[in-house]
Amino acid sequence: MKKIEKARLPELFAALNETAALYLPADRDGVAAFTRWQEGVTLTEKLNTVRSAKDLFFPQVETLANFKTQGGTIEIEDAARQDEDFIVFGVRACDLRSFEILDRVFLAEPQDTFYKARREHAAIITLACNAPEETCFCTAFSIDAADPQGDVTAFLTDTALCLRANTEKGENLLAKLPLSDGAESEIAAWQKQARETLEKLPIQLDLSGFTGERMMELFNHPAWQPLSEACLGCGTCTFVCPTCQCYDVKDFKTKDGVQRFRCWDSCMYSDFTMMSAGQPRPTQKERFRQRFMHKLVYYPMNNEGIFSCVGCGRCLQKCPIHMNIVKVAKTLGGERDA
Amino acid sequence: MNDTYLEYQAEILRMTDRDPKRCMICGKCTASCPAFSEMDFHPHQIVGMVERCEFDVLETVEGLWHCMSCMACSERCPRDVQPARFMDAVRQWRIRKQGGEHLHPQQVPEKIDEATPQQAIAAAFRKYRK
Amino acid sequence: MQRIGVFVCHCGTNIAATVDVAQVAETLGKEPGVVLATDYPYMCSQSGQDMIENAIREQKLTGVVICSCSPRMHEATFRKTVARAGLNPYLLEIANVREQCSWVHKDREEATQKAIILGRAAIAKVTLNAPLVAGESPVVKRALVIGGGIAGIQTALDIADAGFEVDIVEKEATIGGKMAQLDKTFPTLDCAACILTPKMVDAAQHEKINILSYSEVEAVGGFVGSFRVKIRRKARYVDETKCTGCGLCTEKCPQKAVPNPFNLGLDTRRAIAIPFAQAVPKVAYIDPNYCTMLKTGKCGVCSKVCTVGAIDYKQQDTLEEREYGAIVAATGYRPISLEKYGEYAYGQSPDVVTSLELERLMNAAGPTGGTLLRPSDRTHPKTIVFVQCVGSRCEEDGRGKPYCSKICCMYTAKHAMLIREKYPDTEVYVFYIDVRTPGKNFDEFYRRAVEEYGVHYITGQVGKIVPENGKLLVQGSDLLAGMQPKIAADLVVLAAAIEPDPSARSLATLLTASMDTNDFFTEAHPKLRPVESPTAGVFLSGACQGPKDIPETVAQAGAAAAKVIGLLSRDHIVCNPCVATPNEQMCNGCSSCEKVCPYGAITYADKEFRMPDRTTALRRVAQVNPAVCQGCGACTVACPSGAMDLLGFSNKQIMAEVDAICR
Amino acid sequence: MQVNGAWQPTIVAFCCNWCSYAGADLTGTNRLAYPANVKIIRIPCSCRLNPLFILRAFGRGADGVILCGCHPGDCHYTTGNYYARRRMTLLFSMLDFLGIERERTRVEWVSAAEGAKFAAVMNDFVRQITVLGENKRLEDFRCK
Amino acid sequence: MQVKEKAIELLSSGKVSRVLGWKQGEFCYDLTPAVFESAEEVERSFVFSPLAGANLAKYLIAESRKEGVVAAFLKPCDSYSVLQLCKEHRIRRENVYLVGVPCEGTVDPDLLRENAKGLTAVREAGGTLVCDTLYGEKRVDLSAVLLERCKVCKSKKIVVFDELLGENGEENPQSTRFAAVEEIENLTPEERYAFWQKELSRCIRCNACRNVCPACSCETCVFDNAKLGTDNKAPASRFEEQYFHIIRAFHVAGRCTDCGECSRVCPQKIPLHLLNRKFIRDMNTLYGQYQAGADEESLPPMLDFRMDDCEPSAARGGKQA
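Protein chains in written order, with numbering that gives the first Met the number 0: chain A, 0 to 337; chain B, 0 to 129; chain C, 0 to 662; chain D, 0 to 143; chain E, 0 to 320.
Simulated from the structure, these hints should not be mistaken for laboratory data. Some hints could be false.
[As the list claims (entries may be wrong)] Between beta-carbon pairs, the in silico distance windows are: (1) C/Met610 - E/Ser174: 36 to 44 Å; (2) C/Gly453 - B/Thr115: 39 to 47 Å; (3) C/Ala364 - E/Glu296: 57 to 65 Å.
The beta-carbon is built from N, C-alpha and C at its ideal position, and this holds for glycine as well.
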């Protein structure tokens, strides 16, 4: 365990940035976002960012290839992969779990080389939580927000930032930083208090009923209709979600060819997976159901029971009509008896 | 035609801000001119001479000095050529050619003789900065 | 897969001198979808068109791009060419590399590059062109002629003689127009009334002609083939069907001080009047501005003397709506107001008159009974000065007109000649800038005035006219003699410029016909379509299109009639297929498009649609009547969802052009 | 647009078919010169111009966009240019509000008889855009 | 509560077959719009409070096309949207029963949560909100946490209704809603550009603004329309951020009632309402006062003209360089 006084955080960030490009949650015009560090950028006071840490590994828009036409010939130019190391500071436990979920998608064969390059070049410094908000429900997914892992775990107490390396990459990183030694015991009380708060979180879910065996039952549940009724079909939940990983591949006609890029897509959109015969999910109810069935049933079915929700609460805060996975799960039978 | 004449022409066109090519030689200016009988060359001819770069003639035209700048020709010109401006500009050009670009008030009395109409002095004085 | 042919025209050297046509063809040949690109000296020639036709057949072209002159010039020509080869005529695009490239750029490299880009834009557009089929709409077999002067009368007679109904709408109480006010006509010196009045009578008696005098067009709706026109029939306070034109009322009316408009105010008449002896219809009318009965409710003399009871003080304006297949504008001209020409003393001295006033002063039916007397003291003028180009060829803002009024040289020669013939002791001077006599027997006529009649023509203008002691002191210039003549004249005649009748401006708006900066109607093509306006179904006759003398007016009237007859002899006309078209799937039914449509072409219908959840639902969607839509595209932008598109100028086509140009 | 290594503005001119396109033709007929940067797109009426097209042009690399139509009151379709006038007024104001140079967009009424005006307008607009420089604020960098 | 009772009455009397309203959420602030079909349902979960901010007008497009009559509770803002949609033939007026509800302002949940971290419950007590949080009780001034649109409320008048609960309010011509627009106008073009770049660059094109907007109710939006070639799914370039928001504002110009939903729902807190208000302000100054949705007859400025309208050269988005 290492540590540094809270007042010396700017020094720490500068040192981190010396080793590799540093990203950290900072306020940008009142909105917290992972921001490229530079002199003067400070850690946000907010619990979490609006957009999740997923953006750093799976950006909203990413060029895949460039096609250049000249006369009758076409020249294909593969887009560059991430080839420089970078550091992500301040990843909360929920977002860290999301990487695991994304890895199972993007790093399964055939691997997504764009994602993979970013994952390999990143060092992740997580930030433990001690003041969760009422929208947090990471506990439903057995996430210990008071002690996340990652390459390094950081604990921000009233006076200091304590850092613990969890991996070799983390060890190496900490070795380069102006830190003093600290002890695990220094954060014990802090952690205890954090865990007590986490236990009192108002949202308590029992997701044990969301199993593969009940897939058809859940799929045909009559509640989908009233649940989806108010859904506007926007993509807010999807885009702030740390685990949503759907994208669309689009071509953009440039001056002398075509730029092929991918961009986030949302299963909530009416043109999602549009095919020649139209949309396979013609109404909002079906699109809405897809999103939650995927998170609560399909994904766990294919991934050893891991739900593709991490309880970060972003969709609870940002949905324009306040429909969210908690309401869905509870309606479909996931409410834990008080 | 030589380059000097073209420079003169350019200078006069700049001063008048009018295009002598628009003149259709209707003669209304000359018909309107109260000083017609005193002039050797008449307003439409002055405009024509500028257009044709006949500065050798313009150098000797005496009618210029009889123009009283009553502006009747300019008022009535149907093509907005405004011959009075040409009269004035050519006079200006003539005075400048004599040297002594800078006319000071003190010099005015000595310039006034019987052959030079007062208008010429006034006009030159008014326009000499142009 | 597109198979596009590109044809680059040299237009002789018009294009080829500035644009490297071979390079354009070569470069465009490499564009995707282009299978053939070639250049040729004259694409519009028979052999050029044959080449295009053959290429379409041999290469099985799906689209044609011609880089040539403006589409306004030859689009129609090439559409026919393309159609002859069996391709839909709307699968053609023209890149304007002449008017908008070779003629406006000097640098060969720049012009060539621009021509290539314009060609690319046309290729990009033609790739998205869809075959269009023009619809048809019926033709109402009746024509409307607006204006009852010689132009309108001749047009109406020619149309009626071909067997079609014609209505003449004339704002005055009689037809006849300006020609009825003229004395003699050049260059034959026959009397205007003698040749005009028989035509007026012909028109009145023609079974196919309906004269709506004292009437004005108030609104025009519809489109070529079926215009709906609202005509205001102004109250004349005399029942047209009862009045016999006996003229008794016009003699008994106690209100005598009414300036006589027929004689241009040179004498007076009564408040109830027949405009002139040969008026058609020969029916009296009351001028409400002067009639004591109408103003005060006391008098009623005319009503008492009228033997047929035709007087009706309670008459009101009425509105008639009629349908027409074609409309002819024949609104004519008038002399300009001379109030801004103070130097000529018009209005200061009654002895300074306009040429049209002189016509009345010399006319046997005029205020002086045909004896030339000057207005001020009714004496014979001994010295008369004519001033030409008063307000013509004048580029000063607000005073005159930049154009040549065309008729003044000839009528002045006529006047001078007639005066010298009738009063040989009179000296006549004409101040002129140029004498323009390009017409059959015109120059001979002018020379006769000089040589046989001794009229003094002076090259120069008049600078000022000063009334003094009963004379008019005229100071002019004689440019040839280098003199400044001063003439003491008894009468001065000003050849005032002529301008379009002011009613033409509002009529043009009603007809959506375009006008030039001088308010003359614009022709569809200055050389090739001189009697048609750019608005389909609207034709031009007489001086409303530009200054004209009588023979020219009559010729144009006949030409306009021929065009109208050609239109009316068809049962249907082909509509412009480039019309708005709604995509019902995308339409919200919000009515935005309907509100901006100037033709009322958009209506709404509730239609059943299959919804995504496989149910059906009724939705309100826009419908466009393609026969009524004129293709302006206002609706396409008003539509927020992009459901309304314009065939031939679709969103995708225009964006493809934008992309190609900004490439 | 780069010409021989030097930047030259790309100007898109939307011209209504009845007045301004004809006016542009007259410019040619009268051999009045204007820069080759100006490329004309023919539309039936100024009211056909969708703001989408203007933004598209800027995105695709145009440095200036000008709309030419019949003079108000002279629209071939009677009212089209009145609608165009409102739309463009509001759009231009919005672009300006977003800090996009006001001078990049323009509307000019050019009749079929105003060939000289068309040339003068285009000369002036090209000069204005040249002074303004490249369109950086409303460009799509992918189109470079 | 009056609103809830009215909902129960309308359903139990059979006057309407459905009621559109707000449903209780997990917390006090996360109400979800919902359709209630029985008095029991209303009894169980219908909520109306200053946190019922959502404008339900847009839902009536679909609801009014279903069988039977649907009742809706309209705050003044919402009533403008409803009337505008009736004007555009989108809502079938005959199938809706409109109950006007006076409004004293709605609460911005984000502001409230910022002022009361870990918020779980709230009750109103005379202009003060008493909040239960994970970290204890907290009192917040209602006026401090109102939505921006409510702080500058343009009108408390309910413009369309079949029945009113309470007194109808008045328009508020003194509203300072254009002050922020003017503030931007007073910046230099460079500053304006920088301001909007800063704001718009946060856009994630989630479409929340569009999908919540009552005016954005197109069957197919141009930005989703691949066939039209105008589709645009992501802010792939700075241009596309501008393109989307300019065109969206343009498409709703003259139809936007300034209900403020776009800014309310933006997850990135982009002040999108300023774009709409700029258009409204321009139209007001150039073409005369116009309030979309205020009546069913007047022509919106974009579909109207005057012969003597100003020329586009007069268009100014703000101070010039």
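Hints, verified against the model:
1. Against the hinted window of 36 to 44 Å, the Cβ-Cβ separation of C/Met610 and E/Ser174 comes to about 40 Å, which satisfies the hint.
2. For C/Gly453 and B/Thr115, the hinted distance range of 39 to 47 Å is satisfied, since their beta carbons lie about 46 Å from each other.
3. A beta carbon spacing of about 59 Å between C/Ala364 and E/Glu296 agrees with the range 57 to 65 Å that was offered as a hint.
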